Amino acid sequence: MALSQRLDLRQSQSLVMTPQLQQAIKLLQLSNIELSDFVDREIEQNPLLERDGGPGEGGGESGGDGAGDGGGEPGAVDLAAPEERQPPMTDGRTRDTVEMTSSETMGSASDAPLDTDFENVYSDDRFSDGTDGSSDVYGSWQERGGRGGFEDDESNLEATLTGQKSLRDHLTEQLKIDLPDLGDQLIGLALIDMLDEAGWITGLEVESLAGQLGCAPERVERVLAACQRFDPPGIFARSLKECLAIQLREKNRFDPAMEALLDHLELLAARNLPALMKVCGVDAEDVADMVAEIRKLNPKPALSFDHTPAQLVTPDILMRANPGGGWLIDLNPDTLPRVLVNHRYFARISGTARNKADKEYITERFQSANWLVKSLHQRATTILKVASEIIRQQDAFFIHGVSHLKPLILRDIAEAIGMHESTVSRVTTNKFMATPRGVFELKYFFTSAIQGADGQAAHSAEAVRYRIKAMIDAEKPDDVLSDDKIVEILRGEGIDIARRTVAKYREAMRIPSSVQRRRAKMSRM
1 MALSQRLDLR QSQSLVMTPQ LQQAIKLLQL SNIELSDFVD REIEQNPLLE RDGGPGEGGG
61 ESGGDGAGDG GGEPGAVDLA APEERQPPMT DGRTRDTVEM TSSETMGSAS DAPLDTDFEN
121 VYSDDRFSDG TDGSSDVYGS WQERGGRGGF EDDESNLEAT LTGQKSLRDH LTEQLKIDLP
181 DLGDQLIGLA LIDMLDEAGW ITGLEVESLA GQLGCAPERV ERVLAACQRF DPPGIFARSL
241 KECLAIQLRE KNRFDPAMEA LLDHLELLAA RNLPALMKVC GVDAEDVADM VAEIRKLNPK
301 PALSFDHTPA QLVTPDILMR ANPGGGWLID LNPDTLPRVL VNHRYFARIS GTARNKADKE
361 YITERFQSAN WLVKSLHQRA TTILKVASEI IRQQDAFFIH GVSHLKPLIL RDIAEAIGMH
421 ESTVSRVTTN KFMATPRGVF ELKYFFTSAI QGADGQAAHS AEAVRYRIKA MIDAEKPDDV
481 LSDDKIVEIL RGEGIDIARR TVAKYREAMR IPSSVQRRRA KMSRM
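Going by the UniProt record's numbering, the letters in the sequence shown line up with residues 1 to 525, in that order.
Careful, some of the hints might be misleading.
As the list claims (entries may be wrong) - Here are the simulated distance ranges between beta carbons:
(1) Ile511 with Leu189: 42 to 52 Å
(2) Arg437 with Ser14: 43 to 53 Å
(3) Arg510 with Gly211: 53 to 63 Å
(4) Ile489 with His400: 13 to 23 Å
(5) Asp193 with Lys469: 37 to 47 Å
These are computed hints drawn from the structure, not numbers from a lab.
Quantities reported herein were computed from a predicted structural model and do not represent experimental measurements.
For each residue, glycine too, the CB sits at the ideal point set by N, CA and C.
Whenever a hint applies, use it, and build me the whole structure from the sequences.
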């Protein structure tokens, strides 16, 4: 067979991931914080984009396309209860939930955002208070008696409050008072820098630290002993035993029996009271007193310092009960960037472009700005559709609680709204919804299924975990439920579950075994 070269023409179809399509997919999975940062970067790079300050705040001289709340106003969705459908429409018939989430109601991804004219309320020659800046600011301050703007001798006390003192500052103050020697202070500062979040010095090697500082190991031990007397009690401990011992010494409660108990903390964790009585040489009443004393101690003394407030989750979707029945959901306007395309500026600079490169740059920036606005609108619409379907399918959870959470997978939502599973997965990533039962991540509502007994309906794994915890919380000291007993009860309720699955769920919720729970409950009697 002879080999030869030939030239053929063929037609084929393929999906090409254009930069614009990649951007639209990327926007879906961004959280509200990441989306805001992305939009800020786009505004910095594109002179035709600007933020819309919202109604009443002005939005520059855009006079053009806007992404009111993330690229358009998809609007609120009214999800009626199963027994009471939507209110009548203008034509007299009722609208079901499918119609409420249709493209006519929520807006199509291809719809162009509404044009909105905004007045420029700011100018370069005026201050935000309405003055022209011509007054003598310093003179005004002096006329008020130099009181910094306070009138009638009334000062804002909250503005004069200092911030919370850090642990390092608190310990450094004590170090300078208790250890006047500069060399000891240097060692003490090195020890302070080695503290972890709990206030311990884990992995301290005295000889190694002494070699680094060029001093004797005995001097490091002496400074460490002095630092262990600092406030808060228990600071600079090298182990849990030492942390508790430091606090007990300060309370004058560190006797031989207590020392023996600290040497056998594993018995205390196991609630093995007979063994503790034996090693400590005391009776049951004394052991109970010693355990109660230890419970009053703080194993992590540094947690009261350097406290970082927990970051509150800002929900992307707001859900509330409809007075007429069912649910109402809205996108949170505070988490959706408001972006405008400045058509006036585009018209002005496009007419003054002198060469081909400038015109191509202006056109490319204009197309990029319009695509971003369209992508933000599509993102908002998609989030609203997915959230609406989740609420529809998990309606029993919002009415009755976690025990009625249904098994749900991404495919169920994707098939209901006509999207791909990967799109639903991106939409539900790092998105939160505020509901009457709390703030939940959208991923929370997707749980695996546990087969029901005797061919009954499947049960949500989250609902089964909730049922296990409720049974354990309600058990009595003389009737502690074993894993086998829990399996028997659940199967009686129509839940087919294995013992190892119950143990896995129990351990994931950090619930001790039945033996440990029995000892703990008996010790409290």
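Between Arg437 and Ser14, does the C-beta distance stay in 43 to 53 Å?
Because 46 Å falls inside the window, the suggested range holds.
Is the hinted range of 13 to 23 Å satisfied by the C-beta distance from Ile489 to His400?
For His400 against Ile489, whose Cβ atoms are near 20 Å apart, the range 13 to 23 Å holds.
Should the hint that Arg510 and Gly211 are 53 to 63 Å apart at their CB atoms be regarded as holding?
violated, 42 Å
Asp193 versus Lys469 beta-carbon gap, inside 37 to 47 Å or not
Holds, since Asp193 and Lys469 (Cβ atoms, about 42 Å apart) stay within the stated range.
Satisfaction of the hinted span 42 to 52 Å by the C-beta atoms belonging to Ile511 and Leu189:
holds, 43 Å
Hint 3 from the list above is the single one not met by this structure.
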